[in-house]
Amino acid sequence: MALGLLIGTRLIFFTTISGSLMAPGIVVLALLGAYGVGGRFSDVVIAASFGLISVFMQRYGYSRVALIIALVLGGLVEASYHQSMTTFGVQGFVTRPIALTLLALTILVLVLPYVRKRKTAVAP
Amino acid sequence: MMRFGEKAAFSLAIFVFAAILLYQTAGMRYDVALVPRIFGGLLLAFSGLQVLMDIFPAVERRLSFLNRKLTQQMVAAEEKEGSRDPWGTYIFFGWIAGFVFLIYLTSMLWATVIALFVYLKLINKESWILTALYCSGAALFIYWVFIVGFRLHYFL
Numbered sequence: 014m015a016l017g018l019l020i021g022t023r024l025i026f027f028t029t030i031s032g033s034l035m036a037p038g039i040v041v042l043a044l045l046g047a048y049g050v051g052g053r054f055s056d057v058v059i060a061a062s063f064g065l066i067s068v069f070m071q072r073y074g075y076s077r078v079a080l081i082i083a084l085v086l087g088g089l090v091e092a093s094y095h096q097s098m099t100t101f102g103v104q105g106f107v108t109r110p111i112a113l114t115l116l117a118l119t120i121l122v123l124v125l126p127y128v129r130k131r132k133t134a135v136a137p
Numbered sequence: 012m013m014r015f016g017e018k019a020a021f022s023l024a025i026f027v028f029a030a031i032l033l034y035q036t037a038g039m040r041y042d043v044a045l046v047p048r049i050f051g052g053l054l055l056a057f058s059g060l061q062v063l064m065d066i067f068p069a070v071e072r073r074l075s076f077l078n079r080k081l082t083q084q085m086v087a088a089e090e091k092e093g094s095r096d097p098w099g100t101y102i103f104f105g106w107i108a109g110f111v112f113l114i115y116l117t118s119m120l121w122a123t124v125i126a127l128f129v130y131l132k133l134i135n136k137e138s139w140i141l142t143a144l145y146c147s148g149a150a151l152f153i154y155w156v157f158i159v160g161f162r163l164h165y166f167l
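Chains as they are written, first to last, in our numbering: chain A, 14 to 137; chain B, 12 to 167.
Mixed in with the good hints there might be a few duds.
[Stated by the list, open to error] Taking CB as the label site, the calculated pair distances span:
| no. | chain 1 | residue 1 | chain 2 | residue 2 | range |
| --- | --- | --- | --- | --- | --- |
| 1 | A | Leu116 | B | Ile125 | 52 to 62 angstroms |
| 2 | B | Tyr115 | A | Leu115 | 41 to 51 angstroms |
| 3 | B | Ala143 | A | Leu116 | 52 to 62 angstroms |
| 4 | A | Val78 | B | Phe112 | 27 to 37 angstroms |
| 5 | A | Arg109 | B | Val70 | 41 to 51 angstroms |
| 6 | A | Glu91 | B | Leu74 | 23 to 33 angstroms |
| 7 | A | Ile25 | B | Met13 | 48 to 58 angstroms |
| 8 | B | Ser118 | A | Leu115 | 48 to 58 angstroms |
| 9 | B | Ile158 | A | Glu91 | 29 to 39 angstroms |
| 10 | B | Ile31 | A | Thr28 | 18 to 28 angstroms |
| 11 | A | Ser33 | B | Leu53 | 13 to 23 angstroms |
| 12 | B | Phe112 | A | Ile39 | 11 to 21 angstroms |
| 13 | B | Ser118 | A | Thr22 | 44 to 54 angstroms |
[Claimed, not checked] Partial selection, computed: residues in chain B whose CB lies under 10 angstroms from chain A:
| no. | residue |
| --- | --- |
| 14 | Met13 |
| 15 | Phe15 |
| 16 | Leu33 |
| 17 | Val46 |
| 18 | Pro47 |
| 19 | Gly51 |
| 20 | Leu55 |
| 21 | Glu71 |
| 22 | Leu74 |
| 23 | Gly99 |
| 24 | Val111 |
| 25 | Tyr115 |
| 26 | Ile134 |
| 27 | Ile140 |
| 28 | Trp155 |
| 29 | Leu163 |
Note that these hints are calculated values from the structure, not bench results.
From a predicted model like this one, the values you see are computed outputs, not experimental measurements.
We put the CB at the ideal spot given by N, CA and C, even for glycine.
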């Protein structure tokens with residue numbers, strides 16, 4: 014933490030480096046990481062292909078953030094879902110207090126923007 | 012009237028991917044296939060709708076409430092992108108493809124040095140000093156971290 018505080022403000026100069034100089038470095042690092050996992054060329058091709066897919070996703074308005082969250086959390090969510098179903102069954106999602114609270118909060122977060130929009134539309 | 016452009020092709024690719032995903036769940040046990048089928052079904056339905064909207068403008072006009080915010084974002088992004096040089100983007104993609112091909116032909120270390128030299132000196136027209144520093148810095152970084160540090164000799 015001390016090191017971070019010490020050098021943090023000094024690293025601001027990185028923001029002044031032009032994008033055309035940073036871009037090849039970022040691409041090199043990304044493909045290095047993909048290759049370093051197992052030394053397979055196919056990993057590099059897959060990494061480059063996903064880079065191309067993300068360009069098209071940005072161009073046509075698809076959310077890349079949602080895809081990354083799904084890739085990172087998807088396996089975890091599925092495993093946890095199967096564990097819960099095996100241990101508690103379907104009723105476990107509504108009979109356990111913590112699960113019920115989280116379910117209610119999720120529904121609230123999904124519904125609230127539409128309710129607010131409606132109230133704003135109705136109000137003079 | 013129908014239109015089939017890049018956007019329709021991309022959304023069709025997502026639709027085909029969702030269809031393949033669902034097809035793959037055919038032989039699975041019910042509880043194992045449940046989550047892939049739920050998400051695959053949702054993806055198939057929404058991507059199918061997107062394909063219809065992209066190919067048939069009449070459908071897009073009828074369902075314009077789905078696209079309102081997205082259209083504004085895309086118009087803003089297109090205006091920003093329009094000011095950039097499109098050839099620069101294609102050259103950069105070509106450079107990435109060349110870099111990947113060099114990795115296949117040579118090794119990661121040599122591909123990095125050659126690709127960075129090509130980009131900095133030939134494409135970006137930077138100075139010799141910056142090019143030499145950048146390429147040698149990258150090579151040293153790969154050598155010390157991956158080859159000496161992690162002992163990943165396939166980088167050579």
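Do the hints match the structure? See the list:
1. Between Leu116 (chain A) and Ile125 (chain B) the CB atoms are about 55 angstroms apart, so this pair conforms to the stated range of 52 to 62 angstroms.
2. At roughly 48 angstroms, the beta carbons of Tyr115 (chain B) and Leu115 (chain A) sit within the given window of 41 to 51 angstroms.
3. Under the hint 52 to 62 angstroms, the C-beta atoms of Ala143 (chain B) and Leu116 (chain A), about 60 angstroms apart, fit the expected range.
4. As the Cβ distance of Val78 (chain A) to Phe112 (chain B) is approximately 31 angstroms, the hint placing it in 27 to 37 angstroms holds.
5. Our hint of 41 to 51 angstroms for Arg109 (chain A) and Val70 (chain B) holds, since their Cβ atoms are close to 44 angstroms apart.
6. Restraint check, Glu91 (chain A) to Leu74 (chain B): a C-beta distance of roughly 31 angstroms satisfies the suggested window 23 to 33 angstroms.
7. In this structure, Ile25 (chain A) and Met13 (chain B) meet the distance hint of 48 to 58 angstroms, their C-beta atoms being roughly 52 angstroms apart.
8. Distance hint check for Ser118 (chain B) and Leu115 (chain A): the Cβ-Cβ separation is about 49 angstroms, which falls inside the suggested range of 48 to 58 angstroms.
9. Between Ile158 (chain B) and Glu91 (chain A) the C-beta distance comes to about 38 angstroms, which sits within the given range of 29 to 39 angstroms.
10. Roughly 43 angstroms separates the CB atoms of Ile31 (chain B) and Thr28 (chain A), a value that falls outside the hinted 18 to 28 angstroms.
11. Roughly 40 angstroms separates the CB atoms of Ser33 (chain A) and Leu53 (chain B), a value that falls outside the hinted 13 to 23 angstroms.
12. Distance hint check: the CB atoms of Phe112 (chain B) and Ile39 (chain A) are about 19 angstroms apart, consistent with the given range 11 to 21 angstroms.
13. Ser118 (chain B) and Thr22 (chain A) have their C-beta atoms about 39 angstroms apart, which leaves the hinted 44 to 54 angstroms range violated.
14. A least Cβ separation of about 18 angstroms between Met13 (chain B) and chain A goes past the 10 angstroms threshold, and the interface hint is therefore violated.
15. The criterion of a C-beta within 10 angstroms of any C-beta in chain A is not met by Phe15 (chain B), whose closest approach is roughly 14 angstroms, and the hint is violated.
16. Here the hint on Leu33 (chain B) is broken, as its CB sits about 16 angstroms from the closest CB of chain A, past 10 angstroms.
17. The beta carbon of Val46 (chain B) is positioned within 10 angstroms of a beta carbon in chain A (closest approach about 5 angstroms), and the interface hint is therefore held.
18. The closest approach between the C-beta of Pro47 (chain B) and any C-beta of chain A is roughly 8 angstroms, which is under the 10 angstroms cut-off, so the hint is satisfied.
19. With its C-beta approaching chain A no nearer than about 12 angstroms, Gly51 (chain B) sits outside the 10 angstroms limit, and its interface hint is violated.
20. Hint status for Leu55 (chain B) relative to chain A: violated, with the closest Cβ pair at about 15 angstroms, above 10 angstroms.
21. Taken as an interface hint, Glu71 (chain B) does not check out: its beta carbon lies about 13 angstroms from the nearest beta carbon of chain A, beyond 10 angstroms.
22. Nearest Cβ of chain A to the Cβ of Leu74 (chain B): about 15 angstroms, over the 10 angstroms cut. The hint is violated.
23. Of the supplied interface hints, the one on Gly99 (chain B) holds, with its beta-carbon coming within about 9 angstroms of a beta-carbon of chain A, less than 10 angstroms.
24. A distance limit of 10 angstroms between C-beta atoms decides the matter here; for Val111 (chain B) the minimum to chain A is near 5 angstroms, and the interface restraint holds.
25. Below 10 angstroms, beta-carbon pairs count as interface contacts, and Tyr115 (chain B) has one with chain A at about 6 angstroms; its hint therefore holds.
26. Evaluation of the Ile134 (chain B) hint against chain A yields a held restraint, the C-beta minimum of about 9 angstroms falling below 10 angstroms.
27. Taking 10 angstroms as the C-beta contact cut-off toward chain A, the hint placing Ile140 (chain B) at the interface is violated, the least distance being around 13 angstroms.
28. Below 10 angstroms, beta-carbon pairs count as interface contacts, and Trp155 (chain B) has none with chain A, the closest being about 13 angstroms; its hint is therefore violated.
29. About 6 angstroms separates the beta-carbon of Leu163 (chain B) from the nearest beta-carbon of chain A, less than 10 angstroms, and the hint is met.
The structure is inconsistent with the numbered hints 10, 11, 13, 14, 15, 16, 19, 20, 21, 22, 27, 28, although it conforms to all the rest.
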